[in-house]
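Engineer: The listed protein sequences correspond, in order, to chains A and L. Residues 1 to 240 (this note's numbering) are what the first sequence spells out, left to right. Residues 1 to 240 (this note's numbering) are what the second sequence spells out, left to right.
What you were told as hints is all true, and nothing was included just to trick you.
EDC-like cross-link-like pairs, simulated, lysine to aspartate or glutamate; straight-line CA separation at most 16 angstroms:
| no. | chain 1 | residue 1 | chain 2 | residue 2 |
| --- | --- | --- | --- | --- |
| 1 | L | K110 | L | E93 |
| 2 | A | K158 | A | E83 |
| 3 | A | K9 | L | E100 |
| 4 | A | K77 | L | E81 |
| 5 | A | K9 | L | E93 |
| 6 | L | K169 | L | E193 |
| 7 | A | K218 | A | D208 |
| 8 | L | K110 | L | E100 |
| 9 | A | K9 | L | E88 |
| 10 | L | K169 | L | E194 |
| 11 | A | K158 | A | E75 |
Bear in mind the hints are in silico, worked out from the structure with no lab data behind them. Bear in mind the structure is a predicted one, so any value in this text is a computation, not a measurement.
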Amino acid sequence: MTQITPLFKREFMGYFRSPVAYVFLVVFLMASVGLAFFIGQFFQAGTASLESYFVFHPWLFLFLIPAVGMRLWSEEKRSGTIELLFTLPVTPLEAVLGKFLAAWAFLCLAIALSFPMAITVAYLGDPDWGVILSSYAGSMLMAGAYLGVCSLTSALTKNQVISFVLSVVVCLVLVFLGWNVFSELLTGLLPVAAVDLLANFSFTTHFDAFTKGIIDPKDVMFFVSLAGFCLFLNVLAIER
Amino acid sequence: MIEVKGLVKNYGALRAVDNVSFTVRRGDILGFLGPNGAGKSTTMKMITGYLRPTAGSAVVDGFDVTRDPVAVKRRLGYLAESAPAYPEMTVLEFLGFIAEIRGFRQAAEKEARVRRVVELCHLDGVRRQPIETLSKGYKQRVGFAQALLHDPPGLVLDEPTDGLDPNQKIEVRNLIKGMAAEKAVILSTHILEEVDAICNRVIIISRGRVVVDETPDQFRARRPGARLDEIFRSLTSGDV
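For reference, chain A alone in the conformation it holds in the complex (with noise of 0.2 angstroms):
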């Protein structure tokens, strides 16, 4: 597993090498803190906290996310350092883990830079800590889980463009199940109890206890079993 470090290393410096990180980086923050201003009422509402920022994320990553992800494996397998890569001695696992944890580290980052919002509510007003830190690491693992998903989607095909599609539309399924739009369309077609399950394997579902405040170890393991159940079939991907 020491093998990982060097593998981080390269993939996360990889961003900054080009203008991907600064590209992604401003556009993710204009976004973010464009749609919480204009679309969110940050100002209007009068309330001294990041709701109005937050709420917006599970949408936001439903494209930026498989930006980042989409070419994890396929540009691999296009350019041929696959066969680089897996003729140094590194396992299929340390590979995996070690090139999501770069993207995983680089959109941490991403989020970690809307700290001046917080700042910014702190000045204005008194906010509740507590669940600006929970906020923030919710939208961190949920970043996490829309990149396990982005990272086996991108390990199935050498195309960057097919990749970033079929995030897309997982992601997007995963995110509409927990829409309220979309559920109540479900509960005319199916039993309750089954909308309220197809709700459970929603992104939404699962980040709206974070941005109350509430750290529900139930909702921490959704998007840690999600990412760790997406990694897993991507190692069977890469092996041959």
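Got chain A; can you put chain L on it based on the hints?
Structural biologist: Same frame as chain A, but now just chain L:
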């Protein structure tokens, strides 16, 4: 040192490699010849643990590649056909990554390893350039440097002189010859004069089968006076 035992690889209904066996001892330079598509690269990819054989195995220094691929990968240096490398990294960054993943984590040791191969492969003039900006000859030498970095007991080189100019070809041949005393080397090539220049064994593979396994002198004695490529043609004409 490298023992190949009955390797078979099927791609669907197509049998790309059919029961290939041979042994390479330390001090041997094995010239691996054959028409395009005869199964040379596939055999090499199975020896290095990149592809899983359908049947048979390769044993390197006592380690079976199907059972302990990481141990085999530690003992081999491999230059793949396209000399894959991460394009956005500079030569020094890339070789530094290879050093770390090969277990040279101490700064002084890592630097010494990288410096040695940079000198050996004459990469000093381009060491701070991103690999994507290098010419084909330099890329090939970066791939060569990467394969030699850990001073492995076995070297597997897939067309190491492909795309080099005549001067560089001679230089690479001298480099291989200079190291061969304590290494087992397998190199594939299309250039028959290369076999004459540096190899002490020839294997010709045609339609996935070994058709010749002898010394260059024995090979030449098959038809005294004939050019090497004429002998090659008569042995592999069934492929065309």
